[in-house]
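Trainee: Sequence:
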Amino acid sequence: MDRETFVKLLNDDLSSEYQSIVQYIQHGAVITGAEYLNVADEIKRHLPQELSHAQILAEQISFLGGTPTVEVSQVHPSSGAQEALRDDLRLESEQLDRYRERFGQANELGLADVAEALRPLLEQTQEHVRDLQAALGR
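Just so we're aligned: 46 in the UniProt record's numbering is position 46 of the sequence shown, and the numbers increase by one with no gaps anywhere.
Bear in mind the hints are in silico, worked out from the structure with no lab data behind them.
Cβ coordinates follow ideal geometry from the N, Cα and C atoms, glycine included.
Hints are supplied without guarantee of correctness; some may be wrong.
[Said to hold, decoys possible] Pairwise CB distance ranges (calculated):
{"id": "1", "residue 1": "Glu108", "residue 2": "Ala29", "range": "38 to 44 Å"}
{"id": "2", "residue 1": "Ile25", "residue 2": "Pro120", "range": "31 to 37 Å"}
{"id": "3", "residue 1": "Gly33", "residue 2": "Met1", "range": "15 to 21 Å"}
[To be verified] Pairs of lysine to aspartate or glutamate residues, derived as DMTMM-like cross-links and limited to a Cα-Cα distance of at most 20 Å, are as follows:
{"id": "4", "residue 1": "Lys44", "residue 2": "Glu123"}
{"id": "5", "residue 1": "Lys44", "residue 2": "Asp113"}
{"id": "6", "residue 1": "Lys44", "residue 2": "Glu83"}
{"id": "7", "residue 1": "Lys44", "residue 2": "Glu101"}
{"id": "8", "residue 1": "Lys8", "residue 2": "Glu83"}
{"id": "9", "residue 1": "Lys8", "residue 2": "Asp131"}
Make the full structure from the sequences, and use the hints.
Mentor: This is how it looks when you write it as structure tokens:
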């Protein structure tokens, strides 16, 4: 892998983070009812972390000489709480797999600083996956 390909992959990740932001805003409004109070609060805590992830990715892309994308991956609106939680879990799981790859790729490219910048994304995304799994009873 070369640096240019790595930057493209980071831009794909950034596009996915934009999707997360939009999706969490919509899902925060859809996840309602007494049985979802704790889950709704958790979703609200995820949202600023997703924004931080996007900022970190944009900074790393720029640091590597690329231009951060403004493209948002396709967002699928959810009509109910369970559907929203499943969609969020699916997206967070995909992002977790990608961040694991990016962390390794950054190290392989000798970009230890970039790898360390990505570590919080990896850790927080793993936490999001666990929270969503718990919310879905998995």
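Trainee: Against this structure, judge whether each hint is valid.
Mentor: Consistency of the hints with the structure:
no.: 1; hint: Glu108 / Ala29: 38 to 44 Å; in the structure: 41 Å, holds
no.: 2; hint: Ile25 / Pro120: 31 to 37 Å; in the structure: 22 Å, violated
no.: 3; hint: Gly33 / Met1: 15 to 21 Å; in the structure: 46 Å, violated
no.: 4; hint: Lys44 / Glu123; in the structure: 18 Å, holds
no.: 5; hint: Lys44 / Asp113; in the structure: 30 Å, violated
no.: 6; hint: Lys44 / Glu83; in the structure: 17 Å, holds
no.: 7; hint: Lys44 / Glu101; in the structure: 27 Å, violated
no.: 8; hint: Lys8 / Glu83; in the structure: 30 Å, violated
no.: 9; hint: Lys8 / Asp131; in the structure: 29 Å, violated
Checked against the numbered hints above, the structure violates hints 2, 3, 5, 7, 8, 9; every other hint is satisfied.
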